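With these hints in hand, go ahead and build the complete structure from the sequences.
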Amino acid sequence: MIYGTWSMVFVLGILILQSCNSSFTPKPKGYYKIHFPEKKYQLFEQDGYPYSFEYPAYAKIVKDSTFFGETTENPWWINVEFPEFNGRIYISYKAIGKNRFDTLVKHAFVLTGKHSAKAYSIDDSLMVTPNGINGMFFAVGGDVATANQFYLTDSARHFLRGAMYFDATPNADSLGIVNRFILQDMKHLINTFRWK
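Numbering-wise (the working numbering), the sequence shown opens with residue 1360 and increments by one.
These aren't lab readings, by the way, just hints derived from the structure by calculation. Bear in mind the structure is a predicted one, so any value in this text is a computation, not a measurement. Just so you know, nobody snuck in bad clues.
EDC-like, lysine to aspartate or glutamate: derived pairs with alpha carbons at most 20 Å apart:
{"no.": "1", "residue 1": "K1419", "residue 2": "D1526"}
{"no.": "2", "residue 1": "K1555", "residue 2": "D1406"}
{"no.": "3", "residue 1": "K1399", "residue 2": "E1413"}
{"no.": "4", "residue 1": "K1399", "residue 2": "D1544"}
{"no.": "5", "residue 1": "K1419", "residue 2": "E1440"}
{"no.": "6", "residue 1": "K1546", "residue 2": "E1404"}
Following this line, the structure appears as structure tokens:
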């Protein structure tokens, strides 16, 4: 009886070894290699727009005419699009006077706070640019739709808000390197920003 069991195990072992006719090589986990373009900037200064700034040569400016199916409040809403990375910085402009300054600031915090369910951190930093523009920068950590947001204002007439989005499922690990690359461009935009 023991002899029959061992012979059966031996036969099954040989059959299993013969059924493996191809070698298996496990592949390590990884992400696509991304080739980043050289940092070069150009000026956005359109007639009629109440602001100007520098943006990357590998990006394009597209006028934004709708906001969730509705027309925008004014004609100065734009998107700085990064076609190579499937991302864009949404830029919305609001006039203070028609809108209350404190309401605009509160709304910027509310929009950033909507990411708190997925975020592990939300850091806000007051800023004053080299051109004397005041604002706030929001860095949101975690698998969130937009990791970098900001607003710029003169507290009397102008209020501009920007937020970086990607056409991809939010994943802080895989988007991290692209987020850091475009964050430099966003900071350049902010530091070269001027009101007209």
